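With the hints in hand, could you dock these two chains into one complex?
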Amino acid sequence: MAKMIGAPVKRKEDTRLLTGNGMFTDDMKLPGMLHAAFLRSPFAHARIKGIDTDKAKQHPGVAAVFTAADLFGKVRPVPTMWYVPGADLKAKDRSPLATEKVLYAGEAVAVVIAEDRYIARDALDLISVDYEELPSVTHQEKALAEGAPLLHEDVPQNLALLWKAGEIPDEVFAQAEVVVKQRLYNQRVIPNPMETRAAVAQYNPGGGELTIWCTSQNPHIHRMIYSDVLGVPESKLRIVAPDVGGGFGAKIATYTEEAVVGHAARELKRPVKWVEERREHFLATTHARDEVIEVELAGNKDGTFTAIRVKNTANLGAYLSTFGAGCPTIDFGLMVTGAYQIPQAEVVTYGVYTNTTPTDAYRGAGKPEATFQIERMVDLFARKVGMDPLEVRKKNLIPTELFPYTTAMGLLYDSGHYELTLEKALETAGYEALRKEQEELRAQGRLLGIGISTYVELCGFGPSKVAGAIGFQGGVWENSTVRVHPSGKVSVYTGTSPHGQGTATSFSQIVADKLGIPIEDIELVHGDTQSISMGWGTYGSRATAVGGAAVAIAADRVVAKAKRIAAHELEVAAEDLEFAEGVFSVKGVPGRTKTFQEIARSANFAWNLPDDVEPSLEAQSFFDPTNFVYPFGAHICVVEIDKDTGEVMLKRYIAVDDVGRVINPLLAEGQVHGGVAQGVGQALWEGAVYSDNGQLLSGTFMDYAMPKARFFPKIEWQYTETPSPVNPLGAKGIGETGTTAAPPAVVNAVMDALQPFGVEDLDMPLTPEKVWKAMQDRREGV
Amino acid sequence: MYRRCNISVTVNDVERQAEIEPRMLLVHFLRETLNLTGTHIGCDTSQCGACTVLVNGEAVKSCTMLAVQADGSRITTVEGLGEPKRLHPIQQGFWEKHGLQCGFCTPGVLMAMVGLLRENASPTEAEVREALEGVICRCTGYQFIVDAVMYAASEMAKTAHAVAESHSVPIGEGE
Ligand code: FES
Ligand code: FES
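Heads up: the protein sequence lines correspond to chains G and C, in order. According to the working numbering, the stretch in the first sequence is residues 18 to 799, in order. According to the working numbering, the stretch in the second sequence is residues 6 to 180, in order.
Next comes chain C alone, as it looks inside the complex (with noise of 0.2 Å):
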């Protein structure tokens, strides 16, 4: 009845392929055929940010975009940021400074942070809240999660310098 097409993508560096109607959601795709619920829905008109993933790197709201638009690229989720154990420092900073309260919201946040610190590794706190443009939460009022991003930022600094000198690899280069 449907016409079927095959996309195949690499999610949280796992190669994935499928057989989907091409008028699917890359968030339905992501929740329902790869079983990945970390990435969530809150809205129908993509104002809120939920379900905010990175495609080749950049955040974008996977309701915005079908699954076969994405065939052939490279996507993160929250459950490829970090594990329980080995927190990504922007979920530390999440877990530190009390940015999340349902944690409805929380992965699309992070995702759209990761974002913004890939592209601003020392954003101001109003940078932050710019950037929060396309997010909304309901619970936190924004304060934490801002101070939340300034941590892990100041965090992943630290690393990026540790790693600079051990390594001498220019900050910025390399995957």
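Just chain G, same shape as in the assembly (with noise of 0.2 Å):
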């Protein structure tokens, strides 16, 4: 049998999916089924000063309409889950619905439960809600000034958090050599997964047991917090993800409306279901980034750095959500030296509430943001000490032999070999040859440009005492269990939960080549409160470094017993048998075999155990990490600029990565095409902008530029494998390398083409528009 682990096997999950077979939220239809409708503010900032609902009440079709009145008592607010420790945290939980004051455009102020989904439309245009509009601020300095409104009245300058990391005289930069200083903009972007966020509840009066089937990325994480928000058990509450239309950090957050639909289904005793249209998942889904980033870079004029300092002003929205802390401060804050050797760094975040959409996790989240502020610094620096950014990287890389390393920040980066990965892209990219034809195209008046990207990020979530150590309230752990039906077949059950990523594929390729079984014989099981005991979900590039080797190590279980019930059949000793390809033998005597599938069936009869073997085949591993995992890589985008437009054109795109050991290239290579278009995406077209009054300018794909499939060229994709340490499968992770790496190679390459006008920094998204202009003002001497 052909080793699977490494092969680019095709999906497991793909003949449903592709013939219309899949079952996602909205799919799903119970008998006697309502449809639950939210009203949402038109208003950013504002006093609630009554809602009348008789007339939604009396429309024929409607069940309920419920305000935060009637919920009160019977549906707690939505905390936070992550406190940061040492930042002086004033977290603002939501509210169910609206209570005396909107604090952002399209917060939900009422719910209507009606028959259908048409019905409960209607019925929201009969409530009218009093408002009194308030000042309001969408800007984080803004916010932060003196005099800006307040969101929370017990919040003085709006000012939710402030953390601090490291410490740096200031004589470092005032004797530095060189010093670089700029300030950068990570706009906000909204991650947009195809499928909104849906839930559809059902209560069991008999019982009190409340199932909800939702859009989440975490169903463990959610019964958690809902268990608590609902006041029903956790033995009671069961959480379903079916499939998942994408999450990209969006669906790990824990939302008001799903706990609002719980509720409603108890209360009124039949199944309700949510579908959130596209319009409200611009408003009322989580946002990202929206950071403002000030940085120092110290160095000497030989190109080598010394010190960084970095100053992050972050946008949180109007509450604090799930992940909302962690990600400018942890997340981000502890990557800010990049793949380098930096002996000093220190970071300031400053987390600011504003009338906006709340923030959290996007695909990356927070290590996006670092690997920017980071990368961009390198490039201005080379500008400022006139070196290629190139040379200015191999000066500063972390070099192989000093692995396992320790950074400025205090993490420990478990392995790595970025001159490889820097290696194979430049010739991959032809570096040399592409500054040439750079040369002879600007002596023609054309914009050719090349950014580099060498970046490392944080991944893994694990161990869970780093997790205790660092506020969040959960573990990092991974479950599974491997069991063998009599038959022979495999069902895996995985506290990850996949939304997308093949891990029904991987994980079987895992268990295949640990059995020796086909890999047709394994099913995994997810996303289900109810058949997985606990696990903390699928982010932060986690499912495999952690999941996928909880997988591995109950496999290896499950081989161990099997090959104690093999010995005692054979009537050797343990030690005597050897196991490949799914067959158990004795060794050096041919035809004393016992296969698998026969092991399965006599550890499940029971008839003939050995004394101290119980029955059945199964084993389980609650796996915890020793460390984070590190995946790093080398990314090269080319551009050319159109002088007439300022439209930018992705010439090629060329990434390099290293994730450990690589369970799947087909897979691995899927998540770098949509990651980097991701990154592409937050660098070329999107951010989502308010306007001075708090309404969303850009609230639905007409106004918010999407990726789309002719913006791009065939990605040039290769990677290497340096295993990672700290679990049993060496790998690390691949979701995110994409959209972190992407973004500063992206802009690199633009500036790197506007270097004829001069032009040091613009601010993402580089749309022609800016790009024109900053050509524009350059021509015109302004």
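It is worth saying that the hints were derived from the structure and are not from the lab. Since this is a predicted model, take the numbers as computed values, not measurements. Take the hints with a grain of salt, since some may be wrong.
To be verified - Taking lysine-lysine pairs in the DSS-like style, the calculated list, with each CA pair at most 27 Å apart, reads:
#, chain 1, residue 1, chain 2, residue 2
1, G, Lys-506, C, Lys-90
2, G, Lys-29, C, Lys-90
3, G, Lys-20, C, Lys-90
4, G, Lys-27, C, Lys-163
5, G, Lys-107, G, Lys-91
6, G, Lys-401, G, Lys-412
7, C, Lys-90, G, Lys-27
8, G, Lys-107, G, Lys-482
9, G, Lys-731, C, Lys-163
Written as structure tokens, this is what we have:
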């Protein structure tokens, strides 16, 4: 049997999805099901003086209308989950429906439950709310300023948190040979999975059990929090994530709507469904990034770095979302030194409440922002000292012999071979030739740009004791059960909760290799709190490095038990058996064998087991890694700018990633493509824009520019394999690498192309208008 | 309270009749009245293409059309394309080339690309990318979707060729 780990196996999940047989939350239909629609605030900041729901309640087909008053004492506010220590945190939880004030446009004020979704929408129009509009503030720096409108009366200056790490005396910067200072803006983006959020809830009044099917990346976390919010014990609350149409971080957060739907089902004793419209998704599902990042990078004229100091002013939106405090602090702050040896580092983060949708994790969460600032700074530094950015990178990259490497922020990078990925990327790109081509084109007046990003990112969340130390209100280990049925077919249970990553395939590959059985004989079970005892979900590229490792360990335990049974049946000592390709055989005695399937049957029938072996063939692992994992790589982007329109065209994109052991290169490449597209999207097109009075102007796909097929060249992908020492698979994580590496690669390329105009920096997204204006200003000498 | 009207359509070769509200969108009719949930809804503004189906052979965004407008027409949804054991070449292409991740956009993308291949049986990669303009996929970065369509085009050309040779039916004629 061919080795499965490392093979580009086609996905097991595909046939059902390709034939319309997927089961997404909105596809569910339960007898007697009602539909919910939420009334949302048109104002960014307003006092609610009264709500009249009478007409809506009388509308035919309406079962109920709830406002905050109706839920009081029945549905508790939804809390945040990340109490970052030392951050002086003023956490503000979200009420299930707005109580006295609304704090952002789109905040839910009331909910209608009706016979169908058209009627529910009709009835929304019949609710009248008496609002007193208040002055609002959407920009974090303005919100911090004296005299700014206050969102929460007991939070002065709207300062939700202030967090510091490291300290560098001013002299270090005063005495440095070179200091580059830059203010960078990592704009607000919207995750926009193609499936919006949705929930279906069903209550059994007999026993008090409540089931909520919803679009979740981490059903067990949702069970933990909704249990508290709804006052239903975890033993009676079941959360199921059926097929989930992408998450990108937005489906980690715990929201209010799902809880309201759960409560409505309980109160009305009928199933209730809510499906978020795209328009609502823009308003009500978490946004991300939105950080003003001021950096000082100190170093020597020879191009080496000595210290970095970063101030991040982060927009947290109106409330503290689930991971809201962690993204701009721990996730961002600890990674500011990137892939480089920088002996000293200091980070300060101001987290600010504003009248905007709360922000939370988005693919990469904090690491893309950290990578963006350091990778931009490397280029700006190179420009200042008059070197090629490539040379500056080579001078400062952490050399392979220093791994495991402890950074100035105290992180222990597990393993790395940074020069190798860079060399490979340069070779693939033909860097020297590209630079020549650039010169020639420049002579003809054309604008070619080459941008590099040599990134590293922290992912694979675990170990749990670190989670505790950084204030995360939960663990980050992972659970797997490998259950062998009497036939020898296998069910694998995982606490991770995939939503497009192809985990059913990659985890089956792991098990197929361990047990020596065909991959078709293995099914993955995930996303259901009733099937899986506990688990912490899929985000932060943790599925394989933590969840996959648990699967591998559980499978090893199954083999160990099977071996004892086989030894008993073959009447030899276990040491005398070898196991290969699904067959136990007595060493040196040809023909004395038992197949895995035979043992599966005898283990389950239990007619003849050793005295100290319990029936059944099943094993479990609760794997808690000893450290994070740190994938890394080098991306090179080549752009050409249209001088007349400012349009940035991607000519080439080269990505070389090292994510430790690759379980399935086909899936890995798919993750890279998707990640790069999202990163390029942020660099060039995407951005959430608020008007001064807090209206979300980019509130549909008509005015929020999502990446489209025709803007991309073929991505040239390669990988190297530097195994991680922290898990038995040696795997790292790949889901976020593209989103982390791409924005600076693209922006560096554009700035490189704009060198003839002397443009040093532009804020993302680099829209044609912005680029054209920058050139035009220089042309006119403004 | 609401006026209702009768429509009759042929969906995936099966004739279906229903009494519906005239304001009902075709996509809701397919998903909720006919329980064909393979067709998805990704936006409210006809931008994403998740809801694409064939109406009388043409790729149409079913969120942009009222069900009553489809009265009397032939509709093909993803459920009518192929079966798990007998995939349509476009479905096969997506499987071979890893053209899907979460799979939510996929039914719409498949139908849009079937529409493309009906008009242009051997598109270039650039033409495929162009044809994907009305489609948003957040997961795949599109490259593997393009590869999948190219695969399907070449497979379909092979079968069309084989059919042409064995039956001497000129390509493009007949149903
Ligand atoms: S749902 Fe029809 S185009 Fe988006
Ligand atoms: S596969 Fe997820 S949106 Fe296309």
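Which numbered hints are broken by the structure, listed smallest first?
none
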